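Let the sequences and hints guide you as you build the complete structure.
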Amino acid sequence: MMRKRVLLSWSGGKDSALALQALRADPNIEVAGLLTSVTRDYERISVHGVRRSLLERQAERLRLPLFTIELDPVTTNDAYESAFLSALERVQRDLPGVTAIAFGDLFLADVRVYCERLLDELPSTVDPCGERGEFHNVRVRRSRIRGTRRVRCRRYSAVG
Numbered sequence: 239m240m241r242k243r244v245l246l247s248w249s250g251g252k253d254s255a256l257a258l259q260a261l262r263a264d265p266n267i268e269v270a271g272l273l274t275s276v277t278r279d280y281e282r283i284s285v286h287g288v289r290r291s292l293l294e295r296q297a298e299r300l301r302l303p304l305f306t307i308e309l310d311p312v313t314t315n316d317a318y319e320s321a322f323l324s325a326l327e328r329v330q331r332d333l334p335g336v337t338a339i340a341f342g343d344l345f346l347a348d349v350r351v352y353c354e355r356l357l358d359e360l361p362s363t364v365d366p367c368g369e370r371g372e373f374h375n376v377r378v379r380r381s382r383i384r385g386t387r388r389v390r391c392r393r394y395s396a397v398g
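Numbering follows my numbering, with no gaps: position 136 of the sequence shown is 374.
Honestly, the hints are just simulated from the structure, not real lab data. These numbers come from a predicted model, not from an experiment. All residues carry an ideal CB built from backbone N, CA and C; glycine is no exception. A couple of the hints might just be wrong.
[To be verified] Estimated spans, in silico, between C-beta atoms of each pair:
| no. | residue 1 | residue 2 | range |
| --- | --- | --- | --- |
| 1 | Arg289 | Ala347 | 17 to 25 Å |
| 2 | Asn315 | Gly251 | 33 to 41 Å |
| 3 | Arg301 | Arg331 | 17 to 25 Å |
| 4 | Pro265 | Arg301 | 16 to 24 Å |
| 5 | Leu256 | Pro334 | 22 to 30 Å |
Structure follows, in structure tokens:
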């Protein structure tokens, strides 16, 4: 059986790490690479502000190729979408057989609608499995967590 090759939208944060862990545990999925938005002049991940050097070390340690969406510090949504689609063209060229994108973002209705609209513009060969196959974590209301805790991650999917 051929495994589905998936690109993971990577923020460098814990949601992305949990998504990667769950995807790698699935014998039917091969995580083929990481996709991250980086703000050029600051050399940091656009959402979390993680330095590009740390992002590159993460990708290296994970043994996954990194594809960046290069953004200006002040950018428009149109510029973001253009950069996103350009990065996906590079992915299709450099990682043949990638047919899905997974997202580990927080589940927010407006983010879902936006992603679905943007991903509708993708070629029909690409299956956007992010907001429809989302990974979530929960924040525990404690100042310190000691010891080991079992956490159950659920993978949600919607039919439609």
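Structure-based check of each hint:
Under the hint 17 to 25 Å, the C-beta atoms of arginine 289 and alanine 347, about 31 Å apart, miss the expected range. Taking the beta carbon of each, asparagine 315 and glycine 251 are about 22 Å apart, not inside 33 to 41 Å as hinted. Between arginine 301 and arginine 331 the CB atoms are about 20 Å apart, so this pair conforms to the stated range of 17 to 25 Å. Range check, proline 265 to arginine 301: about 18 Å between beta-carbon atoms, so the 16 to 24 Å window is met.
For leucine 256 and proline 334, the Cβ-Cβ distance of about 28 Å falls inside the hinted range of 22 to 30 Å, so the restraint holds.
Against the hints set out earlier in the document, violations occur for numbers 1 and 2.
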